[in-house]
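Sequences and hints are given; from them, build the entire structure.
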Amino acid sequence: MKYDMIVVGGRIGGSVSSLIASQNDLDVLMIEKRQEIGTPVQCAEGTTYQTFETLDMKPSKKYICSDIEGAMVHAPDGRSIDLFEYGLMLENFTNEKTKGCILDRKIFDKHLAIQSAKAGTEIMVKTTVKDLIIKDGRICGVVAKHLGKTMEIHSDIVIAADGVESNMTRLAGLDNPKNPKDICSCAQYELVGLDVDPHWLHFYFGREIAPGGYLWIFPKGKESVNLGLGIRSPENTAYHYLKKFTAKLDATPVELNIGGVPLSGPIDKTYTDGLLVVGDAAGQVDPITGGGIHITASCAKIAGEVAARAIKMEDTSAKTLQEYDILWRKEFEEGLKTSLKYRKAADKLSDKDMNALAEYFVTNHSENFSKLGAIKFLGKHPHLLKLIKEFL
Amino acid sequence: MEYKADKCGYCGACVAVCPHELLKQVENQIIITEGCDDCGKCTIVCPLGALNSEECP
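The listed protein sequences derive, respectively, from chains A and R. Using the working numbering, read the first sequence as starting at 12 and increasing by one per residue. Using the working numbering, read the second sequence as starting at 156 and increasing by one per residue.
Hints are computed from structural coordinates only; laboratory data are not their basis. Ideal placement from N, C-alpha and C gives every residue a C-beta, glycine not left out. Possibly wrong hints are sitting among the right ones.
Stated by the list, open to error - Okay, the calculated beta carbon distance ranges per label pair:
1) 192/R with 159/A: 27 to 33 Å
2) 193/R with 141/A: 22 to 28 Å
3) 386/A with 195/R: 27 to 33 Å
4) 184/R with 260/A: 47 to 53 Å
5) 192/R with 184/A: 19 to 25 Å
6) 373/A with 187/R: 48 to 54 Å
7) 187/A with 187/R: 45 to 51 Å
What the hints assert, rightly or not - Short derived list, chain R residues pointing at chain A, Cβ under 7 Å:
8) 173
9) 177
10) 181
11) 199
Take a look at the structure:
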């Protein structure tokens, strides 16, 4: 078997890169290890309307569960900050293009795979990629296993879209095992019965709630919510904190989702001879929020375009494929690096610090923000002043 | 390191951190190759405690 391009992984990164490549007349095979594309969900499902614009898709109610109109942040001491009222994240509530929404990933991912298949992509499900075929230092296919049968499949380009557990990047020598501090361990229930506004997001912070991360409540329409959390802590499991938070709620789960989110920022190199890396495998995830849908979709689109150009030029060497790395970094690297810097600073915030910051926001309403007020506040909290200095 | 398959949600978080690359994820199972030195990194990131933890779903 021989294809122009093999895509390993059939979620957003895989489907988008295969879709674009197929639209550009490449012979594409996409391989997904699960037997069903879109499941299990390993995502809080929040994104912005930019995702559809990037993908040239008309947003559809088929896979958009909720439009977001506001968000509330809850400090460890229970103090709540309305982000809309404080003029924070306004773009995500007001601008039509960058407005937030909650997806149904099962439907969205399947929809993308269907579009890709309609454009000509062949898809293999329940198939695991065991190895890369490397000849003279150049990747030229994969060894796959389907229902006990092992097969060699050749291609000029391989796209590694195989997630946080990517063994493609390891086999290609582009990534090393991660430090547990850089992996956010997540657990989430889709809950029925929770009385929340279907257009509002909630974020909870605190060592007792989600150490080293945060807890989210994202509405999925009027009937259910995604209530999940990500932690970075060796003391207890993400599931432990999920049970703890939901024990007091009068709501019942219809789904349990788990997963690891890479918060280390992008890997150093996302291309080599005959291979490109996209999505979680490439670390294309915001280290502060853990969100990656829009970044991944954008990068996967670039990967599909660069792959198509390389195949047409009959040159899939690292030198040609480097264009992908240059183009996606131009668009996202600075933002990801800044976010990583913020994340590292935020890692140092204690519950006390977060409570103090929340108090500052609540008592100094947006129109009352003043330099003098800020200086007085920081004078009272020298630890925070030190953190801010590290930023500047 | 003890792996309890009935507690596993096969999310792959453990695969991402194993320094010796002994863990592999096939569709709905984690396959562990011999050579573990009990470094404990996988137990830290496992959301369900399938790798030597007290939690039970």
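Hints the structure violates: just list their numbers, smallest first. Structure breaks hints 3, 4, 7 and 9.
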